Amino acid sequence: MSAPILSVRNISKRFGGIRAVNDVSFDVHKGEILGLIGPNGSGKSTLFNCILGQLKPTEGHCELNGVSTDGVRPAELSLMGVGRTFQQLSVFPKMTVLDNVILAGQEHEGSMLSRLFGESDAGLTRKAEQLIEFFRLTPYRDTEAGSLSYGQQKLVDAAMAFMAGPGIVLLDEPAGGVNLTMLAHLKERLQTYNREHGVTFVVIEHNMEFVMSLCTRIIVLAQGEIIAEGSPEEIRANQMVIDAYLGG
Amino acid sequence: MTRKQILFVVLGIAALIAAPLGQGNYIIYTMTSWLLFSIAAMGLNLTLGYAGQISLAQAGFMGVGAYVTALMTLAGVPWILAALSSIGSAFVVGLLLGYPALRVQHHFLAFVTLAFNTLLFLVLRNEEEITGGSFGLMGMERPTVFGISTDGNLNFYYFALVCFLVAAGIMWWILRSPWGRAFKALRENPIRAESLGLKVRRQTLLAFAIGSAFAGLAGALQSPLVQFIEPSSFALNHSLKILLMVVVGGAGFFFGPMLGAAVVILLPEILRFTEGYYLIIYALLVIVLMVYSPNGLIGAGQKIWSKFKPKHEARRDLEKGFQL
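In the order they appear, the protein sequences are chains Z and H. Residues in the first sequence are numbered from 1 upward in steps of one, following our numbering. Residues in the second sequence are numbered from 1 upward in steps of one, following our numbering.
Only chain H is shown next, with the shape it has when bound in the complex (with noise of 0.2 Å):
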């Protein structure tokens, strides 16, 4: 990392650190749902950004995560041992669906995984006697934290803002290692990765179950935040938001999906001036993006930079006197 990059971070915590202080808690709510839904944007950006596997099944991710953190912290399992399982849980369903499914690629891909978040749906409704069916469950206590109750909205943002680093940090280890150059590698062109000695198929299915597991986090933190959860909440609609906020932030770059959330969950909020026409508007802003710049809004951002920015000469090998 540069030192600019560095400031830019430290900058960016200590904003998200200010941030919630004097709002209501209508605001403070709306903000840690942010902070959860880049935490399963982050890994739904692992997998198609980077591993270029496109997934509708994130918002399922989160539903397992979600349910098995309600059902162990409601039989009295603490919060910490629960997430952990939930993530453990949702890798693992994300290692039994990608195994078969990645077989297939692109669209079909999608369809796969559309129709295991149709079917987990079905399957958390129609349980009612462990996931509480269409009443779902209620009354998860938020966690105590060494000592620090999380039930005040502000400690619980702060919580979760904890969770949202470490799990940023994670993610940024994973790109900056060998595997996450590997993954950007099956992106790009899978077949010369294959001819390189990469395990395709096993480091597909990695990026797809540790995508999975992110999500899994995501739902291990929505559960005490929402403290009711219910099947609709993980429904297919979740994960096509999901991954509107991949792709308005930008696929592929570390900080889109971050800024996509913020798009995709604070401009209705903004947008709520206009009553009836804010989805309208919401529609038209993002196929103007989509339109302008398909690598979203980092994509947007950089493309205006270059503009600016001064341009190197076109020919160094010439300088070289060597002519390629």
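Looking at chain Z on its own, in the form it has when it is part of the complex (with noise of 0.2 Å):
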């Protein structure tokens, strides 16, 4: 197998005396799609915040490519490759969605000073509009993008992700909150993305049925520890795992 694009090691996070993340450590390889999944307050978020720069840590540390990201800000881990999405609705609502996708990728080109001097575009429309297609928004190209229905932002949100070229997407529940024709649209386009591009990502999810059809490994926490690893059909069958959904 080759070398994990993202480490984690030994990662803790306490909120005083709880302990919501609790010495996790995984690998990602490249091109895989990893879903993270847990009952709710199992610590998926904290530890996804953990791995990009929003919290600090309390023990351990996660390496990107083999270089340790400790202390590295979000819009650095941006600029080295890791894309996001966000579990609340995150694109720039005033902006239309042809700018929301350009501002995804503008900070990667160029320097600060041609930023201001160069092209308003900064180069980006073309690929923009490439990504606005694939992910079949070029209706609402020029429609502000908070006018969208929640599925549709859902789809801006991964078109801005996938925008710089990420070697890695980190994707914080996606199918949350929408609905059933979206989320097999969302699906396939996660999964063409991920086979034409080799991009790897790492989805926290709630809903299984689309985590089991989308990822092909899969990691389950609970009370902030992993508690099972493996492949859907694995995951669908252990005890542990069922128990924890369960409360049994």
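Think of the hints as simulated: they come from the structure by calculation, not from any bench. All values reported here derive from a predicted model rather than from experimental measurement. Even for Gly, the Cβ is constructed at its ideal location relative to N, Cα and C. Do not take every clue at face value.
[Unchecked claim] From the derived model, a few chain Z residues whose C-beta atoms are all more than 10 Å from chain H:
no., residue
1, 23
2, 40
3, 64
4, 84
5, 93
6, 107
7, 108
8, 212
9, 229
[As the list claims (entries may be wrong)] From the structure, some residues in chain Z lie toward chain H, with a derived Cβ separation under 10 Å:
no., residue
10, 41
11, 45
12, 73
13, 74
14, 90
15, 94
16, 95
17, 106
18, 118
19, 157
20, 161
21, 227
The two chains are supplied separately, each in an independent frame; assemble them into the complex guided by the hints.
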């Protein structure tokens, strides 16, 4: 197996006396789609935020392509090739879909000064339009993102995460609040992108059906610890996972 | 820019050229004041309306610009060099203030900038040897541009108009560039913006410093306009006035500060016939506007326009046979 693109090493995060994440370690390899699941309060989002530099872990660290990301700000992580989406809608509502997607790529182009004196779109309109087309959002290219439906905004969010050509994308509950038709479309687009561009995904999700059909490997968290890891079939049959979800 | 927008801008410039013709000195002076305050408000609009950072120190930055220009022109330095120094000084002071101040946000930032404005006022009043203290500085000459003197009020109006148009052009350039997009992103969702690679602190600081530089230019024009400056012209109440201009016109709209400056400067003049009641009426009008349209006059205009505008179908996605 190739060297891991992302290594999580003994991450723990405490909030006062509460241990939200406890000594979690795993590797993510290039091209895989890893699912991170667990009941509410299992520490998924805390772990995500530790990986993405939004929270400082109490112990442990992460490595991106062998380089420690200790103390690295989210902006620098993005420049290192990490894309992400948020659990809550996180488009820029007053900007058009095109501007949202261009914005997602412009900080990766040229220098600060060239972004002031160069082209107004940083030369990214064509690439942004391709991504908009990829997510079948072309009719909404010039529509304010805030006026789109919830599901469409999730697609814009995903397009933004891909705009800078990241090596790995972390998706925080992409299926949350999205209807079934839309969900099937989102899943198909993610799988296509993974297949065509070799982009690695780490997905936090509550929707088991979505995770089982999308991911190639799944890690299950409960009470801040990893309780199971394996293929979707193995996870489906794992008694500890069933107990954790059903409270057995 | 669309053809309609270009036409609108050309007509606007033509109106600005024609407006002072045949007017008396007081009206021309008031219109020149409007141009200067529009420049200062444009700067605050970048900081507040686009980048979402509240500042109560815009008049302070105007003061920096006005005093630098006054001191330099009194020492015989040409206005253009003095004005460039004013812009640069306001930019640097903006950076120096913004670097620590922007660690805090919203009303905390407002208080930090308020403190700066008060501190600057005290420095200008107490450092008499340099600033003239409460007596201020006077006798600054108006510049001569390409051999044309701007001594007359009409000539100075046109000179200020050229400066205003250059400032507006620069602002338009900034806002249409990726920087402008980044500033808007800071206002709308800084956490998301950072996750996309935007260095939030640096970009916020730039918005603050560029906004201050615009105030520096306004101050550089105020010095030769009034030919007398003193600390109270740059006190906190003037910062609040510039904030009012941005909010009344419409924060985050390109033409908002210009419209707001027109209202804040011209409305009291128009209401003078009501004598002692003019401040009450003025305040009531502003309150009504803010209640009805927190996005200011431009926001109110858009609201009214949207009522008459034909509406597009709500679900274009269904047309495509794609239920999202």
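Grab the minimum C-beta distance from residue 45 of chain Z to chain H and call the hint holds if it beats 10 Å, violated otherwise.
14 Å, violated
Min Cβ distance, residue 74 of chain Z to chain H: is it shorter than 10 Å?
5 Å, holds
Are all beta-carbon distances from residue 229 of chain Z to chain H longer than 10 Å?
The claim holds: residue 229 of chain Z sits with its nearest Cβ about 27 Å from chain H, beyond 10 Å.
Does the no-contact call for residue 84 of chain Z survive, Cβ to all of chain H over 10 Å?
The claim breaks: residue 84 of chain Z does not keep its Cβ more than 10 Å from every Cβ of chain H (closest is about 5 Å).
Residue 64 of chain Z: least C-beta distance to chain H exceeds 10 Å?
Given that every Cβ of chain H is farther than 10 Å from that of residue 64 of chain Z, nearest at about 14 Å, it holds.
Quick check on the hint: residue 41 of chain Z CB to chain H CB, less than 10 Å?
22 Å, violated
Proposed interface contact between residue 94 of chain Z and chain H, which counts if any beta carbon pair is under 10 Å
6 Å, holds
Hint validation: residue 106 of chain Z versus chain H, beta carbon distance must be below 10 Å. Holds or violated?
Cβ of residue 106 of chain Z sits 4 Å from chain H, so the hint holds.
Far enough from chain H: is every CB of that chain over 10 Å from the CB of residue 93 of chain Z?
Residue 93 of chain Z is in fact no farther than 10 Å from some Cβ atom of chain H, at 6 Å.
Would you say residue 107 of chain Z is clear of chain H, with no C-beta pair closer than or equal to 10 Å?
For residue 107 of chain Z, whose nearest Cβ neighbour in chain H is about 4 Å away, the distance does not exceed 10 Å, so it is violated.
Checking the smallest CB distance to chain H, is residue 212 of chain Z really beyond 10 Å?
23 Å, holds
Restraint check, 10 Å cut-off on beta carbons, for residue 90 of chain Z near chain H
Holds, because the Cβ-Cβ distance from residue 90 of chain Z to chain H comes to roughly 4 Å (cut-off 10 Å).
The structure fails to meet hints 4, 5, 6, 7, 10, 11, 21 from the earlier list, while all remaining hints are met.
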